[in-house]
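J.: Based on the sequences and whatever the hints tell you, model everything.
Respectively, the protein sequence lines represent chains A and B.
Take the first sequence: its position 154, counting from 1, is numbered 154 in the working numbering, and each next residue is one higher.
Take the second sequence: its position 237, counting from 1, is numbered 485 in the working numbering, and each next residue is one higher.
I should point out that these hints are in silico values taken from the structure, not numbers from a laboratory.
Where hints are given, some of them may not hold.
[Claimed, not checked] Computed Cβ-Cβ distance ranges for the label pairs, DEER-style:
#1 Ser-302(B) <-> Asn-22(A): 32 to 40 Å
#2 Met-284(B) <-> Ala-146(A): 33 to 41 Å
#3 Gln-107(A) <-> Glu-362(B): 22 to 30 Å
#4 Pro-491(B) <-> Leu-101(A): 41 to 49 Å
#5 Arg-144(A) <-> Asp-374(B): 53 to 61 Å
#6 Gly-321(B) <-> Asp-145(A): 54 to 62 Å
#7 Met-36(A) <-> Phe-415(B): 44 to 52 Å
#8 Asn-22(A) <-> Ala-394(B): 15 to 23 Å
[Claimed, not checked] Negatives, chain B to chain A, calculated, CB over 10 Å:
#9 Pro-288
#10 Asn-300
#11 Ser-302
#12 Gln-305
#13 Glu-313
#14 Arg-330
#15 Asp-334
#16 Gln-337
#17 Leu-380
#18 Asn-386
#19 Glu-389
#20 Cys-390
#21 Gly-391
#22 Asp-463
A quick note: this is a predicted structure, and the numbers were derived from the prediction, not measured.
Glycine is no exception: its CB is placed at the ideal position from the N, C-alpha and C atoms.
Protein chains: 2
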Amino acid sequence: MTYCCAILVREGLVMIADTRTNAGIDNVSTYRKLHMFNAPGERVMMIASAGNLSATQSILHLLREGFPGGENGEIEKLTDARTMFDGAQMIGRAIRRVHLLEGEAYQQSGVSFELSLLFGGQVGDDPMRLFLIYAAGNFIECGRDAPYFQIGEYKYGKPVLDRAAVFETDIYDCLKVALVSMDSTMRSNIGVGLPIDIALSRRDSLELEVDQRIDHTEPYFHDLRDRWSTALRQAHLGIPRPPYGRRN
Amino acid sequence: MTYCCAILVREGLVMIADTRTNAGIDNVSTYRKLHMFNAPGERVMMIASAGNLSATQSILHLLREGFPGGENGEIEKLTDARTMFDGAQMIGRAIRRVHLLEGEAYQQSGVSFELSLLFGGQVGDDPMRLFLIYAAGNFIECGRDAPYFQIGEYKYGKPVLDRAAVFETDIYDCLKVALVSMDSTMRSNIGVGLPIDIALSRRDSLELEVDQRIDHTEPYFHDLRDRWSTALRQAHLGIPRPPYGRRN
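T.: Laid out in structure tokens, this is it:
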């Protein structure tokens with residue numbers, strides 16, 4: 001399993017990803033799922049990946065090393081993209097190329113070609129953008145009304161996002177909410193686990209302001225988990241008991 | 249979609265179910281999913297249902313009207329069950345009977361025979377029990393370590409249960425937590441909706457202390473939703489901002 005989330009607000013972009021992978025419950029490992037294609041001052045580009053690990057790794061290799069994705073078969077790399085939209089299209093082509101090369105073999109082995117990617121960042125003067133890219137290479141862009149995307153095991157961590165992440169939310173509050181959302185997911189699903197990777201880029205900065213791995217020794221995250229648990233317990237204690245029934 | 253939850257604690261049993269059904273997103277309706285087989289002083293028996301509506305309705309009809317489920321084909325009704333375990337086995341037989349009669353036609357129509365039931369209550373001197381019954385008619389019993397079961401769209405509402413529902417929790421706090429869990433689910437998934445049905449039975453009382461439908465006019469639930477939203481927002485505001493990055 002996987003849980004990744006990206007929030008795009010007025011001030012900028014936050015991305016978070018866990019690192020747990022499993023091929024069956026008895027084959028659990030740790031792989032980075034938050035990948036950078038940055039050049040400070042020129043561009044910030046981040047991809048978070050969920051789904052089939054070999055497929056997502058192949059796609060990332062193609063995007064990094066170049067692949068014949070152009071209309072006339074020219075070699076292209078993600079770092080050549082002039083805009084984020086351009087980059088999202090290129091990622092779509094890389095996905096379809098891996099599917100073309102390996103899809104039939106997947107099918108013969110009964111393995112599903114399931115994956116989804118979050119692609120966020122900014123290139124030069126082009127606005128900061130966030131895309132959710134599907135296994136067919138098609139994609140949607142994040143808007144202001146619901147300024148976040150999630151991939152992987154998204155349901156446990158969605159209620160807090162729905163309530164606390166709006167376009168005007170302070171970007172460090174967004175990072176905090178993303179960490180709470182990740183904590184909720186890890187608490188209820190052992191397929192999502194530490195360490196987690198976090199990144200934050202402010203609009204028009206063209207660089208990462210946060211780029212950090214959080215493991216179990218990290219005191220802030222430990223404290224956040226405790227405080228959130230306590231707050232959740234207190235939150236429902238603060239609500240009056242239901243007035244139904246005879247005791248009330 | 250559906251969301252139902254049952255919590256069995258030291259003081260007794262709480263069950264909650266929404267009423268929204270849909271056959272496609274453009275065909276939404278309201279059906280009761282919390283069903284009673286009670287006789288005050290003799291037994292409390294509740295079934296909450298998720299999954300294929302025609303299958304669960306057929307199963308409930310068999311259990312109410314009687315079906316040839318006995319080893320020698322005797323007619324049996326759920327209200328004949330001498331213990332909750334006996335009742336759970338009988339429900340399993342009713343599920344398998346519907347599958348026997350209709351399963352092949354389901355398959356031919358490409359409709360999956362998917363369902364799950366929560367069965368909770370108490371019969372006479374037999375202890376209060378809670379079972380989760382699967383589509384094959386097999387079942388598991390709820391234990392003290394994780395004193396609740398969920399069926400249907402369970403993930404959104406699980407984090408609060410994991411944190412707030414333990415065996416020693418006050419039964420009206422359990423009802424409140426169940427309502428919060430339902431609210432979290434409805435907030436994030438429009439396939440789960442009002443009105444909701446709630447029921448509460450105290451251990452050894454052999455009757456319902458709460459048996460109520462909550463719709464959008466119900467002031468307590470309205471207040472609970474507001475308070476929970478506010479509390480969630482305040483809960484994360486009360487956590488210090490992350491110490492990562494240059495701004496901190």
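J.: Taking the shortest Cβ-to-Cβ distance between Glu-313(B) and chain A, state whether it exceeds 10 Å.
T.: 31 Å, holds
J.: Is the claim that Pro-288(B) lies outside the interface with chain A correct, judged by CB distances over 10 Å?
T.: Since the minimum Cβ distance to chain A is about 13 Å, Pro-288(B) lies beyond 10 Å and the statement holds.
J.: Against chain A, does Gln-337(B) hold up as non-interface, every C-beta pair farther apart than 10 Å?
T.: Non-interface label stands for Gln-337(B): nearest chain A Cβ at 30 Å, farther than 10 Å.
J.: Evaluate the given range 32 to 40 Å for the C-beta pair formed by Ser-302(B) and Asn-22(A).
T.: 36 Å Cβ-Cβ, so the 32 to 40 Å window holds.
J.: Taking the beta carbons of Met-284(B) and Ala-146(A), is their distance inside 33 to 41 Å?
T.: Distance hint for Met-284(B), Ala-146(A) holds at roughly 39 Å.
J.: Verify this label for me: Glu-389(B) is non-interface relative to chain A, using a Cβ-Cβ cutoff of 10 Å.
T.: 21 Å, holds
J.: Gly-321(B) and Asp-145(A), beta-carbon distance inside 54 to 62 Å?
T.: 59 Å, holds
J.: Against chain A, does Asn-300(B) hold up as non-interface, every C-beta pair farther apart than 10 Å?
T.: Consistent with the label, Asn-300(B) stays out of reach of chain A, its closest Cβ about 22 Å off (over 10 Å).
J.: Does the claim that Asn-386(B) lies off the interface hold, with its Cβ farther than 10 Å from every Cβ of chain A?
T.: 20 Å, holds
J.: Assuming the hint says 53 to 61 Å, is it satisfied by the Cβ distance from Arg-144(A) to Asp-374(B) or not?
T.: 57 Å, holds
J.: Is it correct that the beta-carbon of Asp-463(B) has no partner in chain A closer than or equal to 10 Å?
T.: The assertion about Asp-463(B) holds, with a minimum of 13 Å to chain A.
J.: Is Cys-390(B) truly not at the interface, in the sense that its beta carbon sits beyond 10 Å from all beta carbons of chain A?
T.: With a cut-off of 10 Å, Cys-390(B) remains clear of chain A, as the shortest Cβ separation is near 17 Å.
When each numbered hint is compared with the structure, no violation occurs for any of them.
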